[in-house]
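Visitor: Sequence:
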Amino acid sequence: MHEPVDILGSDASIAALCDAVASGRRVVATGAVGSMPSLLAGAMRRRLDRPIVLMVAHLDDADEALDELESAGIAAVRLPALETLPGEGGDDAGAIEQLTERILVVRETIAAERPLVHVCSIQSCMQLVPMVERLEAMIRTLRKGEDHKREALIEWLAAAGYSRVEAVEEPGDFALRGGLLDIFPPGGASVGDASISSGAPVRLDFFGDTLERITEIDLDTQGSDREVGGVTLVVADPMKARPDDSGVSYLSLVPKNAIVVLVETMEVVEQGRGYFERVTSGHGIVGPPSVLKLLETRFHAMVELNQFSAGGVSADHRMQLPVSPCPAFSQDVKEAMRKLVSLAGEHRSTVGATHGRRVVVCCQNAGERSRLAELLEESKEGIDPALATRVSSIERYLHRGVVWDASSEGEVGHVFVPYHEVLNRFTVRRRTGRLRAARAMDTFLDLQVGDHVVHVDHGIAKFTGLTLLTPREMPGKKAGSVDQEEFLTLEFAGRSKLHVPASQIEKVQKYVGGFSGSPPLSTLGGVKWKHQKERAAESVRDLAAELLRVRAAREHMPGQAFPGDTNWQREFEAEFPYTETDDQLAALAEIKRDMQAARPMDRLICGDVGFGKTELAIRAAFKACEFGKQVAVLVPTTVLAEQHERTFRSRFAGYPFRIESLSRFKTNKEANDILAALRKGHVDVIIGTHRLLSGDVRFSDLGLVVVDEEQRFGVEHKEALLKLRLTVDVITLSATPIPARCTCPCWASGTSRA
Numbered sequence: 001m002h003e004p005v006d007i008l009g010s011d012a013s014i015a016a017l018c019d020a021v022a023s024g025r026r027v028v029a030t031g032a033v034g035s036m037p038s039l040l041a042g043a044m045r046r047r048l049d050r051p052i053v054l055m056v057a058h059l060d061d062a063d064e065a066l067d068e069l070e071s072a073g074i075a076a077v078r079l080p081a082l083e084t085l086p087g088e089g090g091d092d093a094g095a096i097e098q099l100t101e102r103i104l105v106v107r108e109t110i111a112a113e114r115p116l117v118h119v120c121s122i123q124s125c126m127q128l129v130p131m132v133e134r135l136e137a138m139i140r141t142l143r144k145g146e147d148h149k150r151e152a153l154i155e156w157l158a159a160a161g162y163s164r165v166e167a168v169e170e171p172g173d174f175a176l177r178g179g180l181l182d183i184f185p186p187g188g189a190s191v192g193d194a195s196i197s198s199g200a201p202v203r204l205d206f207f208g209d210t211l212e213r214i215t216e217i218d219l220d221t222q223g224s225d226r227e228v229g230g231v232t233l234v235v236a237d238p239m240k241a242r243p244d245d246s247g248v249s250y251l252s253l254v255p256k257n258a259i260v261v262l263v264e265t266m267e268v269v270e271q272g273r274g275y276f277e278r279v280t281s282g283h284g285i286v287g288p289p290s291v292l293k294l295l296e297t298r299f300h301a302m303v304e305l306n307q308f309s310a311g312g313v314s315a316d317h318r319m320q321l322p323v324s325p326c327p328a329f330s331q332d333v334k335e336a337m338r339k340l341v342s343l344a345g346e347h348r349s350t351v352g353a354t355h356g357r358r359v360v361v362c363c364q365n366a367g368e369r370s371r372l373a374e375l376l377e378e379s380k381e382g383i384d385p386a387l388a389t390r391v392s393s394i395e396r397y398l399h400r401g402v403v404w405d406a407s408s409e410g411e412v413g414h415v416f417v418p419y420h421e422v423l424n425r426f427t428v429r430r431r432t433g434r435l436r437a438a439r440a441m442d443t444f445l446d447l448q449v450g451d452h453v454v455h456v457d458h459g460i461a462k463f464t465g466l467t468l469l470t471p472r473e474m475p476g477k478k479a480g481s482v483d484q485e486e487f488l489t490l491e492f493a494g495r496s497k498l499h500v501p502a503s504q505i506e507k508v509q510k511y512v513g514g515f516s517g518s519p520p521l522s523t524l525g526g527v528k529w530k531h532q533k534e535r536a537a538e539s540v541r542d543l544a545a546e547l548l549r550v551r552a553a554r555e556h557m558p559g560q561a562f563p564g565d566t567n568w569q570r571e572f573e574a575e576f577p578y579t580e581t582d583d584q585l586a587a588l589a590e591i592k593r594d595m596q597a598a599r600p601m602d603r604l605i606c607g608d609v610g611f612g613k614t615e616l617a618i619r620a621a622f623k624a625c626e627f628g629k630q631v632a633v634l635v636p637t638t639v640l641a642e643q644h645e646r647t648f649r650s651r652f653a654g655y656p657f658r659i660e661s662l663s664r665f666k667t668n669k670e671a672n673d674i675l676a677a678l679r680k681g682h683v684d685v686i687i688g689t690h691r692l693l694s695g696d697v698r699f700s701d702l703g704l705v706v707v708d709e710e711q712r713f714g715v716e717h718k719e720a721l722l723k724l725r726l727t728v729d730v731i732t733l734s735a736t737p738i739p740a741r742c743t744c745p746c747w748a749s750g751t752s753r754a
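Take the working numbering: the last position of the sequence shown gets the number 754, and nothing is skipped along the way.
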């Protein structure tokens with residue numbers, strides 16, 4: 001048995017605590033360290049088979065606790081808190097998603113047929129929820145095979161705040177096309193009987209009044225995607241979903257036989273008080289004293305869990321749990337492995353008993369478990385083989401480690417430690433859902449008054465707004481007609497103005513140049529803009545010729561043909577805590593195909609911010625490093641260099657590759673040491689700004705260059721990049737939209753979308 005919740009549930013200390021609360025006693029316990037609160041809540045839920053209310057002080061604590069409980073197979077719900085304070089207005093789209101989730105949690109709590117762990121922050125419990133009587137009007141559940149009158153459903157959607165459109169694009173939209181009804185529920189659709197957010201619109205296919213089929217919709221193509229069994233719709237109007245003073249406390253809906261686990265009482269009170277003081281309107285909000293009073297009066301069994309001895313409730317029993325924080329691990333991987341195994345040795349517990357321990361490493365996936373076994377094998381020198389047999393792994397999510405000592409002589413203690421903590425990785429919350437595919441965006445439309453624009457014939461101007469004017473002559477109109485047309489008003493140098501008919505909007509485009517500050521306005525009617533266009537056209541021809549020359553040269557230049565994926569590569573990719581999108585997988589396959597080809601790769605990865613382009617570059621870098629090649633990652637800003645350094649080091653933790661960066665944050669000595677190591681081949685991945693293109697930066701064996709947002713580099717930097725493209729593999733990452741019909745020579749190279 002390796003499951004932490006089950007191990008704790010069978011311990012004598014937890015058994016004594018459960019016996020105390022089962023008899024209605026109020027217990028104050030010391031031991032709120034690491035992930036102990038969620039482990040304790042899960043162990044009590046399994047042992048007593050009663051609902052548990054886990055009350056924490058911070059929103060992040062609630063998120064982590066839910067992930068840990070669900071990973072352990074414990075039925076749990078989390079009541080989210082509204083991040084927009086009542087009375088402050090704010091983002092309606094974000095508010096309705098949080099309100100939707102709260103409503104679905106309320107419904108699940110009411111309909112629950114088995115005991116749940118109810119994870120709540122003090123802030124979420126201070127916000128009232130709608131009365132049960134209102135839920136029926138706020139929720140519609142539709143399942144495949146049921147009969148529903150479409151007209152009545154459309155009326156409900158309109159009354160619930162949904163907007164009728166031609167094609168659904170945003171949460172709160174719906175569209176009717178023949179027998180198909182497309183709906184984009186805020187917060188995502190609830191698929192099947194469980195409240196699981198899919199984050200996608202759905203298509204209802206009716207035959208008469210019978211709902212024959214429910215599918216998700218691909219927003220890019222507006223086509224049907226995977227089929228689902230049902231969908232739950234919630235009102236899309238925040239005013240209809242937000243409770244007022246007639247709302248009720250969520251705690252009043254939890255069964256009375258629930259056991260409360262109150263974590264760090266003083267912190268809970270302090271956070272509740274701070275939130276209450278920030279609220280500008282008291283509608284739908286109650287104070288911390290009301291929440292704590294309801295906890296004491298409604299539920300007769302409570303555990304107050306603190307890190308240090310303290311008591312905020314009237315305690316019938318006090319106890320100290322035999323738990324302590326997990327020790328810190330060395331940055332050196334082999335030393336960290338030795339420390340991990342040493343935790344299984346003989347130790348004196350908090351009650352004075354001498355005992356051995358078993359170490360359970362909680363990994364997020366099979367890739368981490370496999371890599372852990374390899375690291376232990378590689379570090380076995382100096383490790384007691386007998387102790388190594390006491391180290392095991394399990395596929396579970398744990399945020400922070402804990403050490404659980406034996407309660408009496410002869411018993412075995414346990415150390416539960418997350419894999420990311422052993423390797424000093426940044427904590428990444430467990431994600432089970434798929435990332436939504438990126439959507440194309442056009443930054444050239446969305447003009448705002450005051451924006452700088454470019455008129456194709458007259459140059460740079462300032463957009464001052466839309467104006468209704470009566471044209472002097474309009475084809476097909478008689479003289480003296482009062483018909484008006486909409487014009488874009490542009491202001492040029494000298495406050496000269498030009499009115500551009502909306503029908504000629506294709507001549508105007510938002511200014512997106514690299515100029516720092518406000519660009520100089522062109523003179524209306526002058527010749528300077530004409531000369532600038534001629535020079536730009538000449539430069540484009542020169543650049544195109546150079547690109548073609550490079551392309552032709554690359555066709556005849558031998559490149560590095562990397563082998564196929566190894567076990568290391570597969571383990572490394574399996575450690576990624578997200579599920580890849582189809583676009584990511586397709587782009588990754590193309591990257592690997594190019595890297596395994598005989599000629600140098602030159603591939604563009606285009607996708608929106610936050611949709612996984614960096615992970616593709618990381619996997620390509622890993623393949624290059626594994627076969628002895630160095631990788632250069634070129635970024636436009638120092639801040640981005642620091643971010644990429646942290647990301648690469650976190651993903652490469654546990655592998656024998658050295659990651660460094662060059663930026664203004666490094667001292668001259670640090671930079672010189674890094675450059676010396678780079679020349680000797682001791683640095684595998686170097687990340688930096690245009691500093692990497694300097695003459696003193698020399699590589700031992702460069703194999704891959706990753707360029708992030710190349711369009712933000714200057715002309716001299718692009719010339720240096722062209723030279724690199726002759727001999728090494730190159731991946732360019734960009735979040736900037738590229739015209740679908742672009743025919744410039746740069747598209748001679750491969751392009752993928754992530």
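FYI, nobody ran anything at the bench for these hints, they're computed from the structure.
Check each hint, because a few of them may be wrong.
Stated by the list, open to error - In silico DSBU-like pairs for lysine-lysine, Cα to Cα no more than 35 Å straight-line:
hint	residue 1	residue 2
1	K380	K592
2	K339	K380
3	K510	K533
4	K497	K530
5	K666	K339
6	K462	K528
7	K528	K510
8	K497	K533
9	K497	K510
10	K507	K528
11	K507	K462
12	K256	K669
13	K533	K293
14	K144	K293
15	K334	K293
16	K240	K256
17	K530	K510
18	K592	K666
19	K533	K462
20	K380	K144
21	K240	K293
22	K334	K669
23	K256	K293
24	K666	K680
25	K680	K592
26	K592	K334
27	K528	K497
28	K680	K669
29	K293	K339
Visitor: Mind checking the alpha carbons of K592 and K334 for me, to see if they're no more than 35 Å apart?
Guide: holds (31 Å)
Visitor: Does the alpha-carbon distance linking K507 and K462 stay inside the 35 Å limit?
Guide: holds (14 Å)
Visitor: Check the hint pairing K339 with K380 against an upper bound of 35 Å on the C-alpha distance.
Guide: holds (12 Å)
Visitor: With a cut-off of 35 Å on the C-alpha distance, tell me whether K497 and K533 pass.
Guide: holds (21 Å)
Visitor: Starting from K592, check that the Cα of K666 is at most 35 Å away, please.
Guide: Between K592 and K666 the Cα gap is close to 33 Å, so the pair holds against 35 Å.
Visitor: Please work out if K380 and K592 have their alpha carbons no farther apart than 35 Å.
Guide: Holds, at about 34 Å.
Visitor: Does the structure keep K533 and K293 at a Cα separation of 35 Å or less?
Guide: Roughly 73 Å separates the two Cα atoms, so the pair is violated.
Visitor: What's the verdict on K533 and K462, does the C-alpha distance respect the 35 Å limit or exceed it?
Guide: holds (19 Å)
Visitor: Given the hint that K680 pairs with K592, test it: the Cα-Cα distance must not exceed 35 Å.
Guide: holds (27 Å)
Visitor: Mind checking the alpha carbons of K507 and K528 for me, to see if they're no more than 35 Å apart?
Guide: This hinted pair holds, its Cα atoms lying about 18 Å apart.
Visitor: Between K528 and K497, does the CA-CA distance stay at or below 35 Å?
Guide: holds (17 Å)
Visitor: Does K510 lie within 35 Å of K528 when you go C-alpha to C-alpha?
Guide: Since the Cα atoms of K528 and K510 sit roughly 20 Å apart, the hinted pair holds (cutoff 35 Å).
Of the numbered hints stated above, those contradicted by the structure are hints 12, 13, 14, 15, 20, 29, listed in ascending order.
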